[in-house]
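Chemist: In case you want the letters, here they are:
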Amino acid sequence: MRIEARTEISKPMIYAAPIVAVVLTMLAGIVLFEIMGHDPFQALHTFFVAPVSSLDGLAELGVKGTPLILIAVGLSFGFRANVWNIGAEGQLTIGGLAGGALALAFYDVDSPFLLPGMLVVAALGGMAWAAIPAFLKTRFNANEILTSLMLTYVGLLVLSMLIHGPMKDPDGMNFPESRLFHDAALLPHMIEGTRLHIGFLIAIAVVATAWIVLGRHIIGFQIRVLGMAPRAASFAGFSHNKIVWLSFMVAGAAAGVAGILEIAGPLGQVVPVISPGYGFTAIIVAFVGRLHPVGIFFAGLVMALSYLGGENAQIEMNMPNAVTGVFQGMLLFFLLGCDVLIKYRLRLT
Amino acid sequence: MDLTDVLVSAALTIITAATPLAFAALGELVVEKAGVLNLGVEGMMIVGAVMAFATGVTTESAVLAIIVGALSGALISVVFGFLVLIMMSNQVATGLALTIFGLGLSALAGHGFVGKTFAGLPPLNIPFMSEIPIVGPIIFGQDGMVYLSIFMAFAIAWFLTKSRAGLILRAVGESHDAAHAIGYSVIRIRFVAILFGGAMAGLGGSYLSLAYTPLWVENMTAGRGWIALALVVFAAWRPWRALFGAYLFGGISIIQLHIQGVGLSVPSQLLSMLPYLVTIGVLVFISRGSVRQRLSAPGSLGKSFYAAS
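These protein sequence lines map, in sequence, to chains U and R. Just so you know, we're using the numbering used here here: the first sequence kicks off at 1 and counts up by one. Just so you know, we're using the numbering used here here: the second sequence kicks off at 1 and counts up by one.
Keep in mind that the hints are not guaranteed to be accurate.
Claimed, not checked - 25 Å max Cα-Cα, derived BS3-like pairs, lysine-lysine:
1. K11(U) with K343(U)
2. K11(U) with K303(R)
3. K343(U) with K303(R)
To be clear, the hints were calculated from the coordinates, so they are not data collected in a lab. What you are looking at is a predicted structure, and each value in this text was computed from that prediction instead of being measured.
Start from the sequences and build out the full structure, keeping to the hints where you can.
Modeler: Take a look at the structure:
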């Protein structure tokens, strides 16, 4: 058997690869559970079916999916143009902190403008954090993969510093947590009795906007050309620096908003851990969603399920939560492996 | 404790902090010299760390633990090598996947080992030599892994510049098409380089969990794999400079501990940021003369190879 180049990329394979990858991940999951000494089918049920067999579970899918979809859509702009921002986790943290700081500064104020203000400030915070690697890339040509990742560690330390210092609840018995937000700073719920908040609608709006921009606007075209043929892009006069900046600003804003949605949504206060790695998982979501906003929407929900499944398996089967990360890594591996079939075909010899 | 004692203990801690970075950076350097960018160093390190620790705790054999650490690093790099070389997947994305997978897998494997302790690596203590004041404990009182890391820098420098195999590896990294045209097996050479890089990252991880902090904590690599990647750029792909860089960063990560020890009232988080901030600073400093950097980077770095004919 040999791998042979296709003359044209295969459209069906673009859409088939993620589905094949999910199936292969499930199969590998059966092996993994078997090794760990669990009944694989019961484990798969606990992992992927049980969490979403109630209204509450479906609502949780939206809660977990919201940040993943938002961040992944933001990242997809850059990934299409070969701009590798992998520091979304840090941008999420700083954005969330900025928005959270506003909420705490106006702790006593009951105004309908507070929540929109928090969203804007969070987006700006995320953009500011993303501006650092963008600036270092465009001005000094410093590798954005490494700078954005280093800034994630710095961002998490900023959070730790603030939550152990000025943001700490003055009446909180010295626990590293902020005061609980008042209603004016909390996201309204979409379905009463569940945690699904209106952030999910924001994520859907972002998906729709990105679909139009990437598909119909000149900016989307420039991004694609730059990713596929950098030299053609420079002959056409598309500015590389402009695309780098744009990619980082879009991703930073999206990640920042995702951060404040967590804080003003399910968390309700600033805590030492805002996100269980959404910024990194969103990278996988972006690829599984084929860097396409609609694809990312569904990929985000699939990945949200892996979080829910991990939590459920922890409670029901006493499995370590880390199983989630293993599943997510495997899914990306399988997807990248299947992607070979887009540009190449297998020929039996 | 007088000043010399303080300095000696500082030097000793710098060496232990630098050694894991040195292993990982030197391994990645060889991989990149072969034209492959493996961003999964962090994942390979943490898998090496957990496997070495688990072996160390169960068998109480440091040597076995180190070997298992190196082998598991190499083993997990096979996944990367297969995807990148055979399936021609995007190297950046695959490396990221390796890191995410490695972090998850290590947490899963290490679940039962949280809270256990390991005796640490015994120093070699060369008789008489290690009793020389000041110089003795620093130069002759280290554990075997420290000497191994320095030896590896020497060996890799020799291999890349003086050996035939090393020159072939560099040719593959500079222009895989040309190397292929004169009959070298690009895929095979790169695969071996990736395995070597995996083993070295595994060694670095082993040192973390066996010697630097002899216990297992999830995510204990804390970005060291990424710092190792930055060190390769910093070193302009030269082994000796990579080793020097590792010691420089070891020094920086130790400074924070000592400032805290002196009792300056700086928030500890601010000090913990230092290594990351310095990495960024160094990257900027190195990259600003972009022409020179482009000249020293291997020509085919990060590009997939497909033998069209």
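Chemist: Hint by hint, note whether the structure agrees.
Modeler: Do the hints match the structure? See the list:
1. K11(U) with K343(U): 10 Å, holds
2. K11(U) with K303(R): 23 Å, holds
3. K343(U) with K303(R): 15 Å, holds
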